[in-house]
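*Asks:* Two chains, two separate frames, one set of hints: put the complex together.
Going line by line, the protein sequences match chains A and B. First residue of the first sequence: 534, per our numbering; consecutive thereafter. First residue of the second sequence: 187, per our numbering; consecutive thereafter.
Hint data in this document are derived by calculation from the structure and do not stem from the laboratory. Heads up, none of these hints are tricks.
Some chain B residues flagged as far from chain A (calculated, every beta-carbon gap over 12 angstroms):
1) I223
2) V226
3) G235
4) A352
5) L371
6) W407
7) L493
Pairs of lysine-lysine residues, derived as DSSO-like cross-links and limited to a Cα-Cα distance of at most 30 angstroms, are as follows:
8) A:K769 to B:K350
9) B:K547 to A:K856
10) B:K434 to A:K787
11) B:K192 to A:K856
12) A:K787 to A:K856
13) B:K547 to B:K192
14) A:K856 to B:K426
15) A:K769 to B:K224
16) B:K350 to B:K361
17) B:K192 to B:K426
Values in this document were obtained by computation on a predicted structure and should not be read as measured data. Note that beta-carbon positions come from the ideal geometry of N, C-alpha and C, so glycine has one too.
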Amino acid sequence: MDFLTIIQVLDGTVRLAIPLLLACLAGLFSERAGIFDIGLEGKMLMAAFFSAAVAYTSGNAWVGLLAGIASSMVLSAVHGLASITFRGNQLISGVAINFLALGLTVLIAQDWFGQGGRTPSLSGAARFDSIDLPGAITRIRDMRDAGPLMQFYSELISGHSILVYLGFLTVPITWWVLFRTRFGLRLRAVGENPEAVDTAGVSVVGLRFAAVAICGLLCGIAGAYLSTAIQAGFTKGMTADRGYIALAALIFAKWRPWYALYACLLFGLFFAIDNRFQNITLLGFQLPVQFMQSLPYILTVVILAGFVGKAIPPRAGGEPYVKER
Amino acid sequence: MDVMPKWAEVILVPLISLILAALLSAVVILAIGENPIKAVSIMVDGSIGGVRGWGYTLYYATNFIFTGLCVSVAFHARLFNIGGEGQAMLGGLGVALVLLYIPFPHWSLALVAASIGAALFGALWALIPAWLQAARGSHIVITTIMFNFMAAGLLNYLLSNTLKPAGQSDPASAKFDAAYDLPTLNSILTDLGFQAARDDSVNVTFLLAIAACFAVWFLLWRTRLGFQIRSFGQSETAAKYAGISPLKITVIAMLISGGLAGLMAVNTAMGEQERLVLNSVEGAGFIGIAVALMGRNHPFGVFLAALLFGFLYQGGAELALWTSIPRELITVIQALVILFTGALDNMVRTPLANLFLHLRKGKEPPETAPPPPGPKRPDHEPEGTVKEA
Chain A
534 MDFLTIIQVL
544 DGTVRLAIPL
554 LLACLAGLFS
564 ERAGIFDIGL
574 EGKMLMAAFF
584 SAAVAYTSGN
594 AWVGLLAGIA
604 SSMVLSAVHG
614 LASITFRGNQ
624 LISGVAINFL
634 ALGLTVLIAQ
644 DWFGQGGRTP
654 SLSGAARFDS
664 IDLPGAITRI
674 RDMRDAGPLM
684 QFYSELISGH
694 SILVYLGFLT
704 VPITWWVLFR
714 TRFGLRLRAV
724 GENPEAVDTA
734 GVSVVGLRFA
744 AVAICGLLCG
754 IAGAYLSTAI
764 QAGFTKGMTA
774 DRGYIALAAL
784 IFAKWRPWYA
794 LYACLLFGLF
804 FAIDNRFQNI
814 TLLGFQLPVQ
824 FMQSLPYILT
834 VVILAGFVGK
844 AIPPRAGGEP
854 YVKER
Chain B
187 MDVMPKWAEV
197 ILVPLISLIL
207 AALLSAVVIL
217 AIGENPIKAV
227 SIMVDGSIGG
237 VRGWGYTLYY
247 ATNFIFTGLC
257 VSVAFHARLF
267 NIGGEGQAML
277 GGLGVALVLL
287 YIPFPHWSLA
297 LVAASIGAAL
307 FGALWALIPA
317 WLQAARGSHI
327 VITTIMFNFM
337 AAGLLNYLLS
347 NTLKPAGQSD
357 PASAKFDAAY
367 DLPTLNSILT
377 DLGFQAARDD
387 SVNVTFLLAI
397 AACFAVWFLL
407 WRTRLGFQIR
417 SFGQSETAAK
427 YAGISPLKIT
437 VIAMLISGGL
447 AGLMAVNTAM
457 GEQERLVLNS
467 VEGAGFIGIA
477 VALMGRNHPF
487 GVFLAALLFG
497 FLYQGGAELA
507 LWTSIPRELI
517 TVIQALVILF
527 TGALDNMVRT
537 PLANLFLHLR
547 KGKEPPETAP
557 PPPGPKRPDH
567 EPEGTVKEA
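Excised from the complex, chain B in its bound form (with noise of 0.2 angstroms):
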């Protein structure tokens, strides 16, 4: 049986790893000699407190959707996708690919078939990487961040020597067809007769990753594939007893993985810059990690976690251009984050369980010593199958 209620699972444990990394980050505040309150309330003012700040906060909640989600279809098969980051960099690619050299009469098909080509390049970009694991026994954190900085050497090859027109000096690929903008949030609300500024921030791309959200519900929770992709992540030999191949759910669910951290780039490239150039990810890969932590996997919580972490980079620009803290206090908070909800969860959940155990003794009559907390025994493999690292 369950040491501690769902809801306790769920919401207090993250819940509670947030504020001890909240807490850490005004000591580092307050360490640098800035206040922390006056800190937040400029983040606050910055993000959501307007028509532009929500813009940019929902802009980079869309990346840090598809990163996530990216994170969190490969944790459910147990897989440690770090490589989100290359990923999105082949997306990025697929996407100018796409928009340079095929023409398209109107935005609406251009943005179906750049976020095809975002996600068929993400994908194949895991998939080397998916099929090593599963085949070769290779590490696949390893393998993917050794494919982090191969797509790296490849976009500022390609994007310094084929893909920039004559004539511009930085490595970028030529603009995409004005046609191809597409139609932000804000000019939608100025339609509608709303006072919003015309800026190319947080566009159609938001809704394509709410959409997103529910497919990957529907996918794990729903279908036959996402059972099979569930099992395998819980237990290798029960999935392999039960007829599901390794080797088919790595590669798929690493394909899937890909895919979603490729559709980011449909919003960075086509949605913001409509170009592609060298750094359009900035680290949001990474971040996918933090946002599917601290969303538990689950599709709903990720897109609150990436709200949060939309809110964290814009409000930090904000608090970068007003004060003198450096933007890189986000990436502290960010370190936080995944130190707390991921490395030392057990540091909040053996207290918490411990404290329900304690509660649930006084009511009922004694019972059994329940599994010791801590992490799941791994799987007995069968001998000579030693996962690599």
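Bound-form chain A, shown alone (with noise of 0.2 angstroms):
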């Protein structure tokens, strides 16, 4: 395995990382605020489907973008409305969401392109293009002849969408937002003991609802990059459990920023591996492809277990506020 190898993986794995990274920083938001979100599997494929159509029939990314957002907040305004307003459980919500998402992103896109369920291809400006940072290497050939630091500036460094910098520049953000503002104080509040908040003159239902709002955007970033980015337009089902994983990654994360980054950058280089060679034998041992597929899954379980440092969420966490009378 020579360097090149090595950074075309890690270039992958910022790859798989970002949609990851914006869903979990997206849970993170929710939970924080006292409501568990396992619709983000959901908001996202809602926002892939929109984003693509909407940038298709615009010719705008863009503006597909925006779409895609919308539609993703929507889905957030009913999870809100469902666990806020009518505290109704906020699990059963998200798996709701999840199914309507299914559902709903195939029947639209049958109706309005009847290709199966699929949009068109997107080109030009209806995706979000890879930027090329002044002075990198574009050309492969040329990439081979270079050294390892023009490799490393040109391959992991340059050439993403501008969705890759920004979903990097969400995590400090969400830091700063989280534990520099009164905003982020508050929020934080909210979700490990809503009646102190309450009871200091601060709306705990507007709060919770702008968490799941932010939620909602991220979300809507996230499904925007997958289909107008990664790839060029919506195919059923796409974000393939990515929600899911994110929420993996939020739980291994322990609800915090910088540790989510990681997390995604850990469970995305476990998917680049896999993409990048078949079987991998490790110690004399071949490890299987389905292994590698369910290491997130069963790292997160270990996580959860306590046995390698205790994940604690937050306190009021998936309770209804009920104010007192």
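*Replies:* As structure tokens, this is what we get:
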């Protein structure tokens, strides 16, 4: 394995980690405010479809992105209505949202485009193209002859779509919002002890709706990235359980932004290795592909079991807030 | 005292939720430019308009009874088992191992052994999440989701390496012995002199599913264990005070739940496909959630809800066949049913409760204010035993 191969695997890691990271941070906002969200998958899927569909019809990826965010936020509003306003079961609401997105995307895609539940291929301005940073090599032949530092710069740092850089930027922003602003303090408080926040005269309902809306926004970007940046168009069920993996990463990261970045990069690395090499031999053992694919889930269960550092979720998570009378 | 009479609680609330879900589904069908009334008539014709349709409607219903009971039993212990999918996959593995490696003289013996294998494997797949929830406080929803994915990985590995017969390309086990074919209700009808096509639809497993409904009812409302499960679900602290071990009840309830999900594989693997294929569960584990919510976690309700979903499934397949409406319409309807009967329950319940209160006030002298409608407040847990998520 030469240096370029390693760089290429890492490049794949970044591409695969970004949708996970955005969805994971989306879940972070929601769960830190005490609203469990297993509907990340559904919101991403909905956004993936609407951003691809609108990008195709308008010919503009940015308009598509806005449409994707809007559709994801509509599902967020449903989740908020069910779990905040009507104090329903947040897990059941999440399950419903996942199925709703799975069904509706195919139904609408078939109605609009008639191509068996997919959108037509996107090209040109309807897609987020990769950005080549100044001085980066773009031709594959030149890449092979370049020095390691140049390869690192051209392959790993340069050549991603703008959403990738935006995704990485979301990590410090999330950290800053949650831990350095008044809004963030209140948001975390509402996930730990909503009674205290209510007593202080701050609206629990308002804060939770704000958190759920941010969650929808980030899931929307994640979905748009899948269908208009990584791939050129929407296909049925294209999120491929990334929402659940993001949930796993969130637990792995113990509900903290910087750890979320590391967890998503780790899971992204698993998938990148899995994509690149079919069979891996480790210490004379041949690891089956299915094992590599299951590794994020196994690791999450181990973390959840508390054998390797305990993951303590927000205290008021999952419980609707009932004002004292 | 109760705000609503029992009949309103058991029948009216789910019925109104169902009507809301149906109305929205009709709007969805209209929005994609089809006629909802025509769609319903095609679904009815294809699912309950003939012997063949009935066969598949009941075949699907059999699956949903098992997964619905699986979710219900766990719900009674206030556990949300979202892992029916994975437990049913492992149940299929149990069926395949029993039928491939142990010889039986007759299908009935094979059925008994396969059922035991299916229930055992399904239950074992629920054991680790149950234990982790009870002993380590790991949230069962997350662990069972993870176990679904692990089950898929495990099955994929076994079917593409160990169980796949030589010279076959698709990941599936060898065919089971033809002697183990379960008698279908259609073939029984033909033997009795009725006109019916011979196909692999509803089979004797349907009777097993009905038996499971009775067994679950008996367990939950007529045995000590059932009482313990229900008390634990109502209030963990009260149950603890009464000497009921949370660890024991969590594990036992999840074992029963997983076993019921596993039994579904007898119907799919042994009854219909006659071998183990990769995607034999086809989301039935998740439909179990909708079935349990609609059936209000009572075996009879689960039975009725499973019939309804059997009808939707078979009718949806016919709809996809005869119109341009994709099968995914059923997924949308399923989502709406889960949303309205599960998550938006209070949206229907609160106005209805107020209505009944208003009606009663007219007849009786004013009474003390009822408890605010809405979900029960969670028990006050002792410090330091915060439930994990």
